[in-house]
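Participant: For chain A, the structure is supplied; the task is to place chain B on it using the hints.
2 protein chains.
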Amino acid sequence: MKIGILGTGMVGQVLAAKLVELGHDVILGTRNVEASKARTGTNSWGQPEFGDWYKANSHIKLGTFAEAAAHGEWNMLATSGHGTLDAVRAGGKQNFAGKVLVDISNPLDFSNGFPPSLSVCNTDSLGEQVQRELPDAKVVKAFNMVNAYLMVDPKALGGGDHSLIISGNDADAKAKVTAFLKQQFGWQDIIDLGDITTARATEMYLAMWIRLFGKFQNPMVTIKIVR
Amino acid sequence: MKIGILGTGMVGQVLAAKLVELGHDVILGTRNVEASKARTGTNSWGQPEFGDWYKANSHIKLGTFAEAAAHGEWNMLATSGHGTLDAVRAGGKQNFAGKVLVDISNPLDFSNGFPPSLSVCNTDSLGEQVQRELPDAKVVKAFNMVNAYLMVDPKALGGGDHSLIISGNDADAKAKVTAFLKQQFGWQDIIDLGDITTARATEMYLAMWIRLFGKFQNPMVTIKIVR
Numbered sequence: 001m002k003i004g005i006l007g008t009g010m011v012g013q014v015l016a017a018k019l020v021e022l023g024h025d026v027i028l029g030t031r032n033v034e035a036s037k038a039r040t041g042t043n044s045w046g047q048p049e050f051g052d053w054y055k056a057n058s059h060i061k062l063g064t065f066a067e068a069a070a071h072g073e074w075n076m077l078a079t080s081g082h083g084t085l086d087a088v089r090a091g092g093k094q095n096f097a098g099k100v101l102v103d104i105s106n107p108l109d110f111s112n113g114f115p116p117s118l119s120v121c122n123t124d125s126l127g128e129q130v131q132r133e134l135p136d137a138k139v140v141k142a143f144n145m146v147n148a149y150l151m152v153d154p155k156a157l158g159g160g161d162h163s164l165i166i167s168g169n170d171a172d173a174k175a176k177v178t179a180f181l182k183q184q185f186g187w188q189d190i191i192d193l194g195d196i197t198t199a200r201a202t203e204m205y206l207a208m209w210i211r212l213f214g215k216f217q218n219p220m221v222t223i224k225i226v227r
Numbered sequence: 001m002k003i004g005i006l007g008t009g010m011v012g013q014v015l016a017a018k019l020v021e022l023g024h025d026v027i028l029g030t031r032n033v034e035a036s037k038a039r040t041g042t043n044s045w046g047q048p049e050f051g052d053w054y055k056a057n058s059h060i061k062l063g064t065f066a067e068a069a070a071h072g073e074w075n076m077l078a079t080s081g082h083g084t085l086d087a088v089r090a091g092g093k094q095n096f097a098g099k100v101l102v103d104i105s106n107p108l109d110f111s112n113g114f115p116p117s118l119s120v121c122n123t124d125s126l127g128e129q130v131q132r133e134l135p136d137a138k139v140v141k142a143f144n145m146v147n148a149y150l151m152v153d154p155k156a157l158g159g160g161d162h163s164l165i166i167s168g169n170d171a172d173a174k175a176k177v178t179a180f181l182k183q184q185f186g187w188q189d190i191i192d193l194g195d196i197t198t199a200r201a202t203e204m205y206l207a208m209w210i211r212l213f214g215k216f217q218n219p220m221v222t223i224k225i226v227r
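Quick mapping for you: the protein sequence lines, in order, are chains A and B. One point on numbering: in our numbering, the residue at position 64 of the first sequence is 64, and numbering is uninterrupted. One point on numbering: in our numbering, the residue at position 160 of the second sequence is 160, and numbering is uninterrupted.
A portion of the hints provided could be inaccurate.
The list treats identical chains as interchangeable, and a pair is accepted whether it falls inside one copy or across any two copies.
[Stated by the list, open to error] Capping the alpha-carbon separation at 30 Å, the derived lysine-lysine pairs in DSS-like fashion look like this:
id: 1; residue 1: Lys-224; residue 2: Lys-18
id: 2; residue 1: Lys-182; residue 2: Lys-2
id: 3; residue 1: Lys-99; residue 2: Lys-215
id: 4; residue 1: Lys-224; residue 2: Lys-176
id: 5; residue 1: Lys-176; residue 2: Lys-215
id: 6; residue 1: Lys-176; residue 2: Lys-93
id: 7; residue 1: Lys-182; residue 2: Lys-93
id: 8; residue 1: Lys-155; residue 2: Lys-215
id: 9; residue 1: Lys-18; residue 2: Lys-61
id: 10; residue 1: Lys-224; residue 2: Lys-155
Source of the hints: derived by calculation from the structure; they are not laboratory data.
Chain A on its own, in the form it takes in the complex (with noise of 0.2 Å):
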């Protein structure tokens, strides 16, 4: 399938990586190419910066927002929270519409350092915002309560014996996706947790995963829904 994804940092580059290795056409976009290639060096999270990354990755088609959105049967929104408004902005409303958008991006604000709080939660979610400025898109928010390497991997930790909520306001898209995720990536236990208003409890539920994080120094963490 052809895929867009939006951001490239390391939600992005994971995500990239493997759904090319499973044999999907994609396009990984950024704002400007060239100053994502020309970041080099390692990023506050300790991870390669872009640059460095993609010097062996450079099997990977790269291209602007608007490329990688305007490519995708299917677009993938890994941006920072920060920027997830910008880049779907940048990508064009007309390369969403009537398109699936699985939203993994986190209002995650770290202006007061560690643990970061979200930018907005409670009465409304970044889930809700990016789907009110794409009201054509079929958000899916899917995948922003895990580690990278766990949303493509999930058997990696616990046997795969744990739980992925998905929140989205089209039935249909979300039943797509949840196929989607269990053939490609091996995923056993996906809730559909309702409309879109429902991301709300996953993005607030990065206010337990990131303390979770911290505690045992490890982003292989997650929850089992056990019901």
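Facilitator: Just chain B now, with coordinates in the frame of chain A:
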């Protein structure tokens, strides 16, 4: 042990009944004993009002918030979120000083219907507000992420293979609460997430829990932290 329980809703009822059954010396505290006993019928959650419940549980001692708090070597805060700070003020600061206070309350705001939002979150929490109100109490946020029946009988769901997260500033108090919950109720996995600011994590998780409750139409739903 002498235990004071503040709050006569479902959480207070279930905890009081179980702790008395286990041999503890409990006073269940309320604002006005006679008014509580006079409430009959069914409440908005479909549960019997306190007066009807108490007819079948009259072996449990009742008292004012202050009588309960003075009685307890440990106290438990089982009020609704909007009544929490009033209850601890009515309980009397001196009656909590130097004692463990297990804070179970959640800042749920039903003023806009269901699902509720939170009246405080993100950069503060009800647990922190209680600790600020009672600086000499050893506040341990606990149990606020699970249904009352699951609190006292964790094995009733998934064989008990799920997690409880606690928060508080006093390491010794958290260790004692952890040992108590394991010994008395059979909890298996209790995670000390950190100081009382980490109560934000479990309180904000309510945004997920309340929607899982709605989706599965069953309050017996919780999480296992997979790591």
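Participant: Okay, which hints does this one fail, numbers in order?
Facilitator: The structure conflicts with no hint, since it agrees with every one listed earlier.
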